[in-house]
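2 protein chains.
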Amino acid sequence: MTESLTRFELPQSAIPTRWYNIQADLPRPLPVVLHPGTKSPVTSDDLGVLFPQEIINQEVSRERFIEIPEEVREIYKLWRPTPLMRARRLEKAIGTTAKIYYKYEGVSPSGSHKLNTAIPQAFYNKQAGVVGVTTETGAGQWGTALSQACNFFNLECYVFMVKVSFVQKPYRRAIIQSFGANVTASPSDKTEAGRAILAQDPDSTGSLGIAISEAVEMAAKSGGKYKYALGSVLNHVLMHQSIIGQEAMLQLDRAGDSPDIVVGCVGGGSNFAGIAVPYLRDKIVHGRNVRVVAVEPAACPTLTRGVYAYDYGDTAGMAPMVKMHTLGAKFIPPPVHAGGLRYHGVGSVISELYDQKLIEAYSVPQLEVFKSAVTFLRAEGIVPAPEAGHAVAQVIREAIRAKEEGTSPVILFNLCGHGHFDMTAYDAYFRGELTDYAYPQAAIEAALAELPEVNI
Amino acid sequence: MTESLTRFELPQSAIPTRWYNIQADLPRPLPVVLHPGTKSPVTSDDLGVLFPQEIINQEVSRERFIEIPEEVREIYKLWRPTPLMRARRLEKAIGTTAKIYYKYEGVSPSGSHKLNTAIPQAFYNKQAGVVGVTTETGAGQWGTALSQACNFFNLECYVFMVKVSFVQKPYRRAIIQSFGANVTASPSDKTEAGRAILAQDPDSTGSLGIAISEAVEMAAKSGGKYKYALGSVLNHVLMHQSIIGQEAMLQLDRAGDSPDIVVGCVGGGSNFAGIAVPYLRDKIVHGRNVRVVAVEPAACPTLTRGVYAYDYGDTAGMAPMVKMHTLGAKFIPPPVHAGGLRYHGVGSVISELYDQKLIEAYSVPQLEVFKSAVTFLRAEGIVPAPEAGHAVAQVIREAIRAKEEGTSPVILFNLCGHGHFDMTAYDAYFRGELTDYAYPQAAIEAALAELPEVNI
Chain A
1 MTESLTRFEL
11 PQSAIPTRWY
21 NIQADLPRPL
31 PVVLHPGTKS
41 PVTSDDLGVL
51 FPQEIINQEV
61 SRERFIEIPE
71 EVREIYKLWR
81 PTPLMRARRL
91 EKAIGTTAKI
101 YYKYEGVSPS
111 GSHKLNTAIP
121 QAFYNKQAGV
131 VGVTTETGAG
141 QWGTALSQAC
151 NFFNLECYVF
161 MVKVSFVQKP
171 YRRAIIQSFG
181 ANVTASPSDK
191 TEAGRAILAQ
201 DPDSTGSLGI
211 AISEAVEMAA
221 KSGGKYKYAL
231 GSVLNHVLMH
241 QSIIGQEAML
251 QLDRAGDSPD
261 IVVGCVGGGS
271 NFAGIAVPYL
281 RDKIVHGRNV
291 RVVAVEPAAC
301 PTLTRGVYAY
311 DYGDTAGMAP
321 MVKMHTLGAK
331 FIPPPVHAGG
341 LRYHGVGSVI
351 SELYDQKLIE
361 AYSVPQLEVF
371 KSAVTFLRAE
381 GIVPAPEAGH
391 AVAQVIREAI
401 RAKEEGTSPV
411 ILFNLCGHGH
421 FDMTAYDAYF
431 RGELTDYAYP
441 QAAIEAALAE
451 LPEVNI
Chain B
1 MTESLTRFEL
11 PQSAIPTRWY
21 NIQADLPRPL
31 PVVLHPGTKS
41 PVTSDDLGVL
51 FPQEIINQEV
61 SRERFIEIPE
71 EVREIYKLWR
81 PTPLMRARRL
91 EKAIGTTAKI
101 YYKYEGVSPS
111 GSHKLNTAIP
121 QAFYNKQAGV
131 VGVTTETGAG
141 QWGTALSQAC
151 NFFNLECYVF
161 MVKVSFVQKP
171 YRRAIIQSFG
181 ANVTASPSDK
191 TEAGRAILAQ
201 DPDSTGSLGI
211 AISEAVEMAA
221 KSGGKYKYAL
231 GSVLNHVLMH
241 QSIIGQEAML
251 QLDRAGDSPD
261 IVVGCVGGGS
271 NFAGIAVPYL
281 RDKIVHGRNV
291 RVVAVEPAAC
301 PTLTRGVYAY
311 DYGDTAGMAP
321 MVKMHTLGAK
331 FIPPPVHAGG
341 LRYHGVGSVI
351 SELYDQKLIE
361 AYSVPQLEVF
371 KSAVTFLRAE
381 GIVPAPEAGH
391 AVAQVIREAI
401 RAKEEGTSPV
411 ILFNLCGHGH
421 FDMTAYDAYF
431 RGELTDYAYP
441 QAAIEAALAE
451 LPEVNI
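Note that the protein sequences, when read in sequence, are chains A and B.
FYI, UniProt numbering numbers position 22 of the first sequence as 22, with every residue one higher than the one before it.
FYI, UniProt numbering numbers position 331 of the second sequence as 331, with every residue one higher than the one before it.
Honestly, the hints are just simulated from the structure, not real lab data.
Mixed in with the good hints there might be a few duds.
As the list makes no split between identical chains, a pair holds if one copy fits it or if it spans any two.
DSBU-like mimics (lysine-lysine), calculated; alpha carbons at most 30 Å apart, straight line [what the hints assert, rightly or not]:
id	residue 1	residue 2
1	K225	K39
2	K330	K39
3	K77	K371
4	K126	K190
5	K190	K99
6	K99	K221
7	K357	K99
8	K92	K221
9	K221	K126
10	K92	K371
Everything numeric in this text was worked out from a predicted model, so none of it was measured.
Okay, chain A solo, but in the shape it has when bound:
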């Protein structure tokens, strides 16, 4: 019977009640976070300008498990548990000897995994008496998720949307607005950071780093009325996503399988961490034999070509400084369509795991991503978001290698979102208008040369 199943469900009563915090099990503690002005370790008071206390506690906590509030679990029930699928048709299409499973986070109302952290972030902000939250969005997945979460908790929501996305993705803007959020094209004239950029370049199409600067500034100057919310990179964000991997583990148990390879795409690192951390815990604590594989765009190769150093999280240098794998905060990645992966750095947790050789990293060029995504959609029916297409590309590489080597690994990957709002990118791909980008060596070297000096 199990043999012919495609989807492995969990009852809602099995939704995990705790997030897993990998900080508890890292071989060494994470490097401290620095204040961008003083370059000294940030205090709780420094962070309190941007985040409510419970979020700050979670950010630095080394507790292994943190209780998911009942109010958050109730909203998770709108779409969780998400399905775990056996990609039988993809296996057949590429003729692999591997078994391929994917956890599908695209069934969430926002269409991606981002809602897993947007809900608790909105909840903790509401609990702290905040009026609203500010944020940035590039591809739009995060803006959609946070606007939904704020709507659920009656919080105001201000989204600075990278201008090129604001113009090119009117559907994304519309869905964010339909949940009641206020969307501003960034750079804007609403903040000093935005006005400074516009003064230099009135035609600036924006970047994630600039939009973060604007959102941080708005919160910081609001006198406590607004706080700031980030959709990836930070420890608490990655921890909230651990619900993905916890569910996947239960579902794979039901399928009677255990992964040899776990794959996720990496921008800031949240969907990757989400699927991977429960397996990494077993690897660190119990010596489990599992390869954990991060995939990034060749045009923004943060792990594979970056350095592990302190850097700013944003362009204007207003966000806290974090030790992370980075290409330099001044690096503007080429305009690949996986907007969610176009960030100069990667979360501290991911960087530390990579530095400790607990995870592997590979980069994939854009055309291979779309080719793989089309193979997937024609086999499985689901259109992957371009970000998720990176994971698909790596999975296909692994599956083809397995066939060549005559092995039969079990591969698990995170299909973190659907591509319904990315059809213009697919359209361009089919018309032959997409390109790969040469490794942007000069731009990265220039950005790395400007890394801030710190005394820590």
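Starting from the known structure of chain A, arrange chain B on it as the hints suggest.
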């Protein structure tokens, strides 16, 4: 425990193995279908130009249950069973005493219920040795579903897309193309029907009736190479959708509830029939006390304002003639955004059920639809397709009445698809640019005056 559940799952092993054919239980047989040229009852040979034999058999079958082929069930497993949700947050938002459940068909890869019939139609065509199928699409849900289904069975797929949608919905066109289908804006110069329309009006933006004429002509003139596939209206199409209601019944049993009111939106009638027919069977056969409610746009009030008469299925009079509730094949509905409900007629099964007073029908104006859809999306997180918004609007009417009357009915409705490709319509609604349309009395009267005469 059950009390706090939001989603009611079924294991894949519980996917129904048979479609339910309500023709077996109708109080009287359906009126015969006529050849559009001779106006005599169509023969199997007449229909054989357009459809493979198994489809024709199903179209006229009075067998109560028809086996779902194993190959179809295997693909159903990519997304079925679909979830049944208790809309707890919507209930709270509108303060109703009713219990509201919805069956969510938007989780299908194509984003709507249409894939339920696209898969078997593609399968039977493939089995019959056909090279490809032709079809039309308006809103795009059907074109998406059929292109996916053809891709799964290696069939060519030719979609005539109503020109106004082709232009206004580039994402829809792109997703249809991404599954390998050939998409043509209709009216086109590829068919006589299309060329005749363009000769009269080179700027014609098309209509569903015109696109059907083009698709039917292409199949009819292909010498058997291509057949034609329709996404609604016909008996076999409605029967394939019975899987929705069968699953819902099993899931509601698990929830410990039984519906007093079952609601679906109606264009050709397939999603409505899908959710309703298992309950109608109980109503007809066992005298079950359940209200079954069809909802249509006020701008295209086929059931509430049309007549029950023989009419053409398409503009050029090439498709078979069916006795149905109709506004006249020459009626072009106002451009409401629920493109899937803009059809002059409604399926024979639905018409007969309405004539026998086994179902009720109501019409809802466009602004109420969007207002209700926004209430729903803010409560439940899911953006309804404008078509599904009609069901939501009626459910909210019923739920508010229940509160006023102090009753606590259990309401079940079919949320037949998501609105990810309809965000421009929501955008226009939020900008105050959508309007209601006056009941198009003169146009309907003119179209009804042109109803064909038949001798039957």
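Checked hints:
For the homomeric pair K225 and K39, the shortest alpha-carbon distance inside one copy (26 Å) is at most 30 Å, but the shortest distance between copies (73 Å) is not. Taking the shortest alpha-carbon separations for K330 and K39, only the intra-copy value of 18 Å comes in at or below 30 Å, while the best inter-copy value is 74 Å. In the homo-oligomer, the alpha carbons of K77 and K371 lie at most 30 Å apart only across protomers (25 Å), although the nearest pairing inside one protomer, at 34 Å, exceeds that limit. In this homomeric assembly, K126 and K190 come within 30 Å of each other (Cα to Cα) only inside a single copy, at 24 Å, whereas the closest approach across copies is 59 Å.
Taking CA atoms no more than 30 Å apart as the test, K190 paired with K99 passes in neither setting, with 51 Å inside one copy and 45 Å between copies. Taking CA atoms no more than 30 Å apart as the test, K99 paired with K221 passes in neither setting, with 52 Å inside one copy and 45 Å between copies. For a Cα distance limit of 30 Å, the shortest separation of K357 from K99 inside one copy, 25 Å, qualifies, whereas the shortest one across copies, 53 Å, does not. For the homomeric pair K92 and K221, neither the shortest alpha-carbon distance inside one copy (56 Å) nor that between copies (36 Å) is at most 30 Å.
Taking the closest pair of Cα atoms, K221 and K126 come within 30 Å of each other only inside a single copy of the chain (19 Å); across copies the shortest separation is 64 Å, beyond that limit. For the identical chains of this complex, K92 and K371 are intra-copy neighbours only, at 17 Å inside a copy versus 45 Å across copies, given an alpha-carbon limit of 30 Å.
Taken one by one, the earlier hints fail for this structure at numbers 5, 6 and 8, listed in ascending order.
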